[in-house]
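Protein chains: 2
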Amino acid sequence: MSLIQDLIPLLGQPHVLTGPDMARYARDWMGGYQGTPLAVARPGSTAEVAATVKLAADHNIPVIPISGNTGLTGATYTEGGLLLSTERLNRIREVRPASRLAIVEAGVILSHLHDAAADHGLYFPLWFGARGSAMVGGVLSTNAGGSNVLRYGSTRALCLGLEVVLPDGRVLNLMSELHKDNSGYDLKNLFIGAEGTLGIITAAVMKLVPAPRAHATATLAARSLPDALELLNRLQAATGGLVEAFEYMPADYMARLERVRPDLGIPFPAHRACTLLVEIAATAPALTAETAQGTLPLTDLLEDTLAQLMDEGLILDAQIARSTTQRAAMWARREAAAEIGAAVKPMIDSDIALPLDKVESFLTRIGPRLAQIAPGAETVTVAHLGDGNLHFSVYPGDPSKALYDRVIHAIEDIVQDLGGSFSAEHGVGLSKLNSMARRKDPVALDLMRTLKQAIDPANLMNPGKVIPPKNTAPEDPAKDPTE
Amino acid sequence: MSLIQDLIPLLGQPHVLTGPDMARYARDWMGGYQGTPLAVARPGSTAEVAATVKLAADHNIPVIPISGNTGLTGATYTEGGLLLSTERLNRIREVRPASRLAIVEAGVILSHLHDAAADHGLYFPLWFGARGSAMVGGVLSTNAGGSNVLRYGSTRALCLGLEVVLPDGRVLNLMSELHKDNSGYDLKNLFIGAEGTLGIITAAVMKLVPAPRAHATATLAARSLPDALELLNRLQAATGGLVEAFEYMPADYMARLERVRPDLGIPFPAHRACTLLVEIAATAPALTAETAQGTLPLTDLLEDTLAQLMDEGLILDAQIARSTTQRAAMWARREAAAEIGAAVKPMIDSDIALPLDKVESFLTRIGPRLAQIAPGAETVTVAHLGDGNLHFSVYPGDPSKALYDRVIHAIEDIVQDLGGSFSAEHGVGLSKLNSMARRKDPVALDLMRTLKQAIDPANLMNPGKVIPPKNTAPEDPAKDPTE
Chain U
18 MSLIQDLIPL
28 LGQPHVLTGP
38 DMARYARDWM
48 GGYQGTPLAV
58 ARPGSTAEVA
68 ATVKLAADHN
78 IPVIPISGNT
88 GLTGATYTEG
98 GLLLSTERLN
108 RIREVRPASR
118 LAIVEAGVIL
128 SHLHDAAADH
138 GLYFPLWFGA
148 RGSAMVGGVL
158 STNAGGSNVL
168 RYGSTRALCL
178 GLEVVLPDGR
188 VLNLMSELHK
198 DNSGYDLKNL
208 FIGAEGTLGI
218 ITAAVMKLVP
228 APRAHATATL
238 AARSLPDALE
248 LLNRLQAATG
258 GLVEAFEYMP
268 ADYMARLERV
278 RPDLGIPFPA
288 HRACTLLVEI
298 AATAPALTAE
308 TAQGTLPLTD
318 LLEDTLAQLM
328 DEGLILDAQI
338 ARSTTQRAAM
348 WARREAAAEI
358 GAAVKPMIDS
368 DIALPLDKVE
378 SFLTRIGPRL
388 AQIAPGAETV
398 TVAHLGDGNL
408 HFSVYPGDPS
418 KALYDRVIHA
428 IEDIVQDLGG
438 SFSAEHGVGL
448 SKLNSMARRK
458 DPVALDLMRT
468 LKQAIDPANL
478 MNPGKVIPPK
488 NTAPEDPAKD
498 PTE
Chain C
18 MSLIQDLIPL
28 LGQPHVLTGP
38 DMARYARDWM
48 GGYQGTPLAV
58 ARPGSTAEVA
68 ATVKLAADHN
78 IPVIPISGNT
88 GLTGATYTEG
98 GLLLSTERLN
108 RIREVRPASR
118 LAIVEAGVIL
128 SHLHDAAADH
138 GLYFPLWFGA
148 RGSAMVGGVL
158 STNAGGSNVL
168 RYGSTRALCL
178 GLEVVLPDGR
188 VLNLMSELHK
198 DNSGYDLKNL
208 FIGAEGTLGI
218 ITAAVMKLVP
228 APRAHATATL
238 AARSLPDALE
248 LLNRLQAATG
258 GLVEAFEYMP
268 ADYMARLERV
278 RPDLGIPFPA
288 HRACTLLVEI
298 AATAPALTAE
308 TAQGTLPLTD
318 LLEDTLAQLM
328 DEGLILDAQI
338 ARSTTQRAAM
348 WARREAAAEI
358 GAAVKPMIDS
368 DIALPLDKVE
378 SFLTRIGPRL
388 AQIAPGAETV
398 TVAHLGDGNL
408 HFSVYPGDPS
418 KALYDRVIHA
428 IEDIVQDLGG
438 SFSAEHGVGL
448 SKLNSMARRK
458 DPVALDLMRT
468 LKQAIDPANL
478 MNPGKVIPPK
488 NTAPEDPAKD
498 PTE
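In order, the protein sequences belong to chains U and C.
Numbering-wise, the numbering used here puts 25 at position 8 of the first sequence, and it's gapless, one number per residue.
Numbering-wise, the numbering used here puts 373 at position 356 of the second sequence, and it's gapless, one number per residue.
Be a bit skeptical, because a hint or two may be false.
[Unchecked claim] Reference listing, derived: stretches of chain U covered by chain C, where coverage requires no fewer than 3 residues with Cβ under 8 Å from a Cβ of chain C:
no.	segment
1	41 to 48
2	376 to 387
3	428 to 435
[Unchecked claim] Some chain U residues near chain C, calculated using beta-carbon distances under 7 Å:
no.	residue
4	Ser-128
5	Leu-246
6	Asp-458
These are computed hints drawn from the structure, not numbers from a lab.
Glycine is no exception: its CB is placed at the ideal position from the N, C-alpha and C atoms.
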C-alpha cells in the first residue's frame with residue numbers, strides 16, 4: 018500500500034489531495050518556490066496529525082507542515098514529501114479572559130484570534146500584514162515578529178504552552194497555562210522557530226493583553242541615528258514604556274517614496290536624513306479618557322514630550338496626528354515599503370537584526386562597500402528601529418548572480434562583524450540556508466545538528482530546512498532572485 | 018596524573034581546593050545536603066572553565082557548577098565530582114545604557130548588577146531575598162523568579178545572550194545583543210533552567226529596564242480569590258499594567274503571623290480570608306513628580322482606583338502606605354513568610370504553580386484531603402498570586418516519613434489535576450527528582466532524556482540532577498525533612 022492509500026481511510030478522501038488540487042499548497046505565496054509534493058494531507062485533529070506523521074514515518078516519506086502559506090523563505094517547499102496542512106485544526110478551543118489567555122489550534126488564522134480576543138476587550142499583540150492568512154502554527158514555527166515586537170515581544174514571548182506531534186507520532190503535551198514552571202528543560206522554545214524540523218505544532222496556549230484604548234502617533238525628523246536611539250529611550254522614560262512602534266525611514270526611503278508614491282507626501286523635505294514614525298498606546302483611563310478641553314491626555318503627553326525634546330535639539334521637526342485620517346496617512350508612508358520596494362527590479366532584499374546601537378555603523382560601512390561592488394546602485398532602507406531590525410534593499414541595476422552574491426556577502430560581512438543576524442524575523446527555510454552555513458557560529462550549528470539528529474533521527478521532519486548540510490553548499494531551488 | 022594534579026598547573030594552587038577548604042562549597046546553604054566533592058576548581062576565565070571541563074572529561078569525572086550556593090534543591094550536591102565554582106568570573110564586562118543591557122560573567126553577584134545598573138538610572142528587574150549572594154550563573158541555571166516576575170518575567174525573559182562551555186569543553190558563543198534573531202533553533206533557552214546538566218553558563222547579556230521612580234503600595238482585604246484575580250485585572254487596566262507585586266496572605270497566614278510576630282499587626286482582623294499586598298511602580302514623570310498639593314500622582318491613582326473598587330464591593334477594606342515607613346511595615350508582614358514558616362516543625366513545604374484561575378480550586382480541594390490524611394495539621398499559605406505561584410506549607414505534627422509522602426502526594430495529585438507544576442521557581446535539583454518521575458508528562462521526560470544523552474553522552478555534567486533515572490525511584494541524599 019502506498020502512503021496515499023493508507024491516508025485516505027484515515028483522513029477521508031476529501032482530505033488527501035493530489036494533482037492539481039495541490040496547487041495552492043505547492044507554491045509559496047510569493048511565487049519563489051514551486052514544489053511537487055507527493056500529496057497534501059489535511060488532518061482534522063491532533064490524533065489525525067499524529068497518525069499521519071506515523072504513517073509517513075512507516076513509509077519513510079518526509080512530512081512538511083504548512084499552515085497559512087505566508088512564509089518568505091521557502092520553508093514549505095518539497096519535492097516528493099507529504100505536505101501536512103494544519104488548516105482544519107482551526108478551533109479556538111477557549112478564551113479565558115480572567116487569566117488572559119487563549120487556547121488555540123495551529124490552523125487558527127491570526128485575525129480570527131484578534132477578533133476572539135477583542136470580544137473580551139483583549140488583544141493578541143502580534144500584528145503584521147499577512148494577519149488575514151497567517152495561522153498560529155506558522156507564526157509559532159517561524160517565531161514571527163511584526164510591528165508590535167518593541168512593546169510585546171515576538172511570538173515566542175506570547176506563548177505559554179504548546180502541543181507538538183513528534184517525528185515518531187507521539188504527542189508532546191506542553192499545554193501549560195503557567196507563568197512559572199521550572200520542572201526540567203525548556204522544551205517549548207525548542208519547537209518555536211524550528212520551522213517544523215523537529216515536530217509539528219498542533220495547538221498552543223497564547224497570552225492576551227488588555228486592548229489599547231487609545232493611540233498617539235507622530236512623525237519626527239531627527240538629526241542622526243544615535244539621536245534616534247536617545248529619542249526612543251527618552252520617549253520610553255517619559256511615557257513609562259508605552260512606545261509600540263518606532264520606525265525609521267531615511268533619505269533613500271523618502272527618495273523612492275517621493276518617486277513611486279508622490280501622493281503620500283514627504284513629511285520634512287528639508288530634513289530627510291532620519292524620519293521616524295512613533296506611536297504610543299495606552300490602556301489606562303487616565304491617559305485615554307478625553308479631557309474637559311476635548312483633547313486626549315495621551316496625545317497631550319506625546320506633544321509635551323516632543324516639545325521638550327525639540328527644545329533640546331534632539332528633534333528637528335515633528336507632526337502629531339490630530340485625527341485618525343492623519344494617523345492613517347502617517348502609517349501609509351511606512352506601509353508603502355513593500356510596494357515602493359518592489360517598484361524597481363532587480364532587488365536584493367535583507368531582513369537583518371543589529372544591536373540597537375550598531376544600526377548606524379552598519380549603514381555607515383555598507384555605503385562605501387556598495388560603491389565599490391555595485392557603483393550607482395540605489396538602496397532603500399526601512400527599519401523597525403526599536404528592535405534593531407533593518408530591511409535594507411539594494412537595486413544594483415545589473416542582474417548577474419555574481420553581483421547578487423557579492424552584495425549579500427558584503428551585507429553579511431558587516432552584519433556579522435557588528436554582532437548582528439542575517440535573519441531577524443523571517444526565519445531560515447531554504448532561502449537563508451547558505452547564510453546559516455557561512456555565518457552561524459560553528460559550535461551552535463553543530464549543536465543544532467546534534468539536536469536534529471537526536472529528535473528526528475530519520476530526518477523526515479521538513480528535511481533540508483533551517484540547518485545546512487555539513488560539508489556542501491546547499492542548492493536553493495528558488496527562482497533566480499535577480500530575474 | 019590525577020585530575021587534581023592536572024588542574025593545579027592550569028588554575029594555580031590557590032584555585033584548586035581540597036579537604037576542609039571545600040567546606041563552604043560542599044554543603045548547601047540550607048544545610049540540607051552535605052556532599053563530598055573530589056575538589057573545588059575556581060577557574061578565572063571562560064578559557065579556564067573550558068580547559069577544566071575538558072580535563073575532567075578526560076578523567077571521566079563529573080563536573081558540578083556552583084555559583085552563589087543559594088539554591089534550594091540540592092542541585093550542587095556531589096559525591097566525588099568536581100565542583101566548578103564560577104565565583105572568579107565576576108566581571109561586569111560592560112553596561113550599555115543606550116541599548117539597555119549589561120554584559121556580565123557568571124560569577125557576578127546579583128546585587129552588584131543592581132548597583133551597576135543603578136549607576137545609569139537603570140534596573141535589573143530580578144529581585145529576591147538572596148540577591149546579596151546569588152550569582153548570575155545560578156539564577157540563569159535555575160531560571161530564578163522572585164517578586165518582580167509579574168511585571169518583568171523570570172530570568173529567562175531578561176536574558177538576550179549566553180556563553181556556555183559544553184560538556185566536551187567547546188565554547189558555545191550565543192552572546193547576542195539582538196532583540197530579534199530567527200537564525201535556527203533557540204539554543205539559549207535550552208541552557209537556561211537546565212541546572213548545569215547540559216553545560217556551564219560562563220557569561221550572559223542581560224536586559225536592563227528604566228528604574229522605577231516611585232512606588233505606591235497598599236494592603237487590601239478582598240472577599241475571595243476569584244475577586245482577587247478580578248482585582249488584579251482591574252488594577253492592571255486602571256494603571257496600564259503598572260502592577261509589580263500582588264501577594265496573597267490568607268487566614269492561615271495571618272493566624273501564624275499573629276502568633277509568631279504579633280509586633281507586625283494584622284491589617285484587617287475582621288477580614289482575614291483574603292489579604293493582598295499590592296504594589297505599583299512607575300517611571301513616567303507624569304505619575305512620579307509631586308503635585309502642587311504635595312501628593313504623588315501614582316499614589317492618587319492607586320487611591321482613586323481602590324476607592325472605585327471598594328464602591329463596587331470588590332474590596333472590603335484597604336490601607337494605602339503614606340510613607341516609606343508604612344510601605345516597609347506592609348512588606349514586613351509579607352517578608353516574614355520564611356521566619357513564621359520555619360517557626361513550627363516538622364514542616365512540609367512546596368513551591369507550586371497553578372493556572373491563575375485555579376488557585377482557589379487547589380485550596381478548596383487540599384483542605385478536605387489534609388483533614389483525612391493529617392487531621393488537625395496546621396497550614397500556612399502565601400502566594401505570588403499574580404504569577405499563580407503558591408508556597409503552601411503543611412505542619413502535620415507527626416514527623417513520620419510515610420505521612421510526609423502522603424501529604425506531598427496529595428498536593429501533587431491536585432496540582433497535576435489542575436494543570437499545575439510541582440516546581441514554580443526553585444527548580445528540580447535532587448529534591449524534586451521524585452516529583453519529576455511521578456508527575457512530568459512521560460513524553461516530555463523522554464525527550465529531556467534524549468536531549469541530555471545527545472548533548473552530554475558521557476553523563477558528566479551535573480549527573481543525576483533534573484532528570485530522574487528511567488526505571489528506578491531516585492534516592493534523595495537530603496537529610497530527613499521531617500527531622
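Violated hints - listed by number, lowest first: Checked against the structure, the hints that fail are numbers 1, 2, 3 and 4, while the rest are satisfied.
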